[in-house]
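A.B. asks: Here is how the chains run, residue by residue.
Protein chains: 2
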Amino acid sequence: MSATTTSPSLKEALAKACADIESTIDALLPMVPGDESVLLEAMRYAALGGGKRLRGFLVVEIASLFGADHKQALRVAASVELLHAYSLVHDDLPSMDDDDLRRGRPSTHRQFDEAIAILAGDALQTRALEILVEPETSSDPLIRANLALALAQASGAAGMVGGQVIDIRGEGRALPLDDVRRLHALKTGALIRYAAEAGAILAGVNDERRQAIRVYGRDIGTAFQVADDVLDTTASAEELGKTAGKDEASGKSTYVSLLGIDGARAEARRLSDRAREALSSFGTQADALRALADYVVERRN
Amino acid sequence: MSATTTSPSLKEALAKACADIESTIDALLPMVPGDESVLLEAMRYAALGGGKRLRGFLVVEIASLFGADHKQALRVAASVELLHAYSLVHDDLPSMDDDDLRRGRPSTHRQFDEAIAILAGDALQTRALEILVEPETSSDPLIRANLALALAQASGAAGMVGGQVIDIRGEGRALPLDDVRRLHALKTGALIRYAAEAGAILAGVNDERRQAIRVYGRDIGTAFQVADDVLDTTASAEELGKTAGKDEASGKSTYVSLLGIDGARAEARRLSDRAREALSSFGTQADALRALADYVVERRN
Chain A
1 MSATTTSPSL KEALAKACAD IESTIDALLP MVPGDESVLL EAMRYAALGG GKRLRGFLVV
61 EIASLFGADH KQALRVAASV ELLHAYSLVH DDLPSMDDDD LRRGRPSTHR QFDEAIAILA
121 GDALQTRALE ILVEPETSSD PLIRANLALA LAQASGAAGM VGGQVIDIRG EGRALPLDDV
181 RRLHALKTGA LIRYAAEAGA ILAGVNDERR QAIRVYGRDI GTAFQVADDV LDTTASAEEL
241 GKTAGKDEAS GKSTYVSLLG IDGARAEARR LSDRAREALS SFGTQADALR ALADYVVERR
301 N
Chain B
1 MSATTTSPSL KEALAKACAD IESTIDALLP MVPGDESVLL EAMRYAALGG GKRLRGFLVV
61 EIASLFGADH KQALRVAASV ELLHAYSLVH DDLPSMDDDD LRRGRPSTHR QFDEAIAILA
121 GDALQTRALE ILVEPETSSD PLIRANLALA LAQASGAAGM VGGQVIDIRG EGRALPLDDV
181 RRLHALKTGA LIRYAAEAGA ILAGVNDERR QAIRVYGRDI GTAFQVADDV LDTTASAEEL
241 GKTAGKDEAS GKSTYVSLLG IDGARAEARR LSDRAREALS SFGTQADALR ALADYVVERR
301 N
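Note that the protein sequences, when read in sequence, are chains A and B.
Be aware that the first sequence starts at 1, since it is given in the UniProt record's numbering, and climbs by one per residue.
Be aware that the second sequence starts at 1, since it is given in the UniProt record's numbering, and climbs by one per residue.
Only chain A is shown next, with the shape it has when bound in the complex (with noise of 0.2 Å):
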């Protein structure tokens, strides 16, 4: 199966997804008049127009899976998108991986300017966090404040911050596989097994039910990342949207550098099976998520 041959019910399933999220982080990140109004102008110029919406489409879909209430997934699925939003306006500065291009656009400080950018990153996380305290998120307080922990935990010191770190550190230099499977753990995996998690705590599932999307979303995130690293390797900037051959230009050790293109499209493989097999308790209504399984090591960009 080819990225083309993506089953048409995930495919329509991923664009409705894509458009009410899409519109859903619209409403929640209004213009402003006043000076400050450049910086909601680089909040929205880096949180819409694009982007896969993979964390948003996890929460949407375990969420329903659940039973939760759409308008209060598609919050907590503009709120993972936002706060991934954040990571790459970072990411991209020049200070860190000084990258022009994201998602066939300028990056968001090539459009703006430096300060406007770190900005809009800092107020895209801030804004992230305080739409899962929002009282309609969830008229649980409990739920709401779980929500925000969870997020706080997969994207910190613990999480992805500390994953970036690990990445500039590790730069230049030869990490063995183990360190790899870490750095990638925390930079990527942990904010979207957070995203397959929010669905759960949104529809407050028990303990057995959020160990099942625990594993799920740990293991479509290293797949994700493992094809990532192919897709690095062999495809063009055109279909990435983003510079190409940058992981081996900046001698970065990957899952590519360290298994080979064929090594790494196996893990890939090996981990999205795994994923799927976490969701053998769930019925038809899971099919969205297993077919999500085989999209992320199969797709082109």
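If you're looking for bench data, these hints aren't it; they were derived computationally from the structure.
Warning: the hint list may mix true and false statements.
Computed Cβ-Cβ distance ranges for the label pairs, DEER-style [to be verified]:
| hint | chain 1 | residue 1 | chain 2 | residue 2 | range |
| --- | --- | --- | --- | --- | --- |
| 1 | B | G67 | A | S139 | 23 to 33 Å |
| 2 | A | D140 | B | L48 | 47 to 57 Å |
| 3 | A | D273 | B | G104 | 27 to 37 Å |
| 4 | A | G104 | B | R103 | 35 to 45 Å |
| 5 | B | V32 | A | D207 | 18 to 28 Å |
| 6 | B | G49 | A | V215 | 37 to 47 Å |
| 7 | A | V215 | B | H70 | 50 to 60 Å |
Cβ coordinates follow ideal geometry from the N, Cα and C atoms, glycine included.
Add chain B to chain A, keeping to what the hints say.
C.D. replies: Same frame as chain A, now just chain B:
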């Protein structure tokens, strides 16, 4: 009354709160092994070892006034100081205020590097919000969620970060007094007002008391900023522990440039008096807060 005659009881209460907040932050930012340890080092460098702890002191004093748990109050106090530390780390960056000196030491990006400083600021913000929603902060999840909501509102695009954008955009051109007032109400006022309110939220007080504290926090915050503008003109870098005379050099409109030094001093006094009046319904237990209203306009650094 001059800063050297700050009432002995306030001096003692400030010193005690500083020490307690310092050790609480120390415990809330434990070191970690691995490549990401430099991130925790930078977070601790930025958050520990100095500062007036005005915001944390407000939390602790107001929580105490309303009988909230002291250990929980210290967590909320530590949280607002971490949020404040994040804002200073990012404000000092080369693309923002480009400041090499903070609290008499190299600013975080000078002590580490720019990427680590950006990420340390990011993770400090995350941790500040995370602490509030951890169960240890309050057994009532509604209080936890409401604390996080209030902090996010005070520090995001409609608060501190919005104010920083107006500040950056206002450099080199004259702003009228109303705009300067609004800038500071957002940039520094919102977080100081939050600090005061957080003590009341933690204690679960009624709306009338919360409103009185909100007014106190608003006025003391503005008084603090007006006094800051005066100090920037009159104090030495040694006294301030940061670069002095920066506002004039960068062509910023300040209370001093708009009102003159004497006019700014009178404005600070007026605001300080109004902050005291807001406490009229409280007894002698609020005396430290009254003394603080004098202190913020009479301090030398």
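A.B. asks: The structure should be examined with respect to each hint, and the outcome stated for every one.
C.D. replies: How the hints compare with the structure:
1. At roughly 29 Å, the beta-carbon separation of G67 of chain B and S139 of chain A lies within the given 23 to 33 Å, and the hint holds.
2. The given range of 47 to 57 Å is broken by D140 of chain A and L48 of chain B, whose C-beta atoms sit roughly 36 Å from each other.
3. Separated by about 58 Å at the C-beta atoms, D273 of chain A and G104 of chain B break the suggested range of 27 to 37 Å.
4. Distance hint check: the CB atoms of G104 of chain A and R103 of chain B are about 43 Å apart, consistent with the given range 35 to 45 Å.
5. Between V32 of chain B and D207 of chain A the C-beta distance comes to about 27 Å, which sits within the given range of 18 to 28 Å.
6. Between G49 of chain B and V215 of chain A the Cβ separation comes to about 42 Å, which falls inside the hinted range of 37 to 47 Å.
7. The hinted range of 50 to 60 Å is not satisfied by V215 of chain A and H70 of chain B, whose Cβ atoms lie roughly 41 Å apart.
Violated hints, in rising order: 2, 3 and 7; the structure is consistent with all others.
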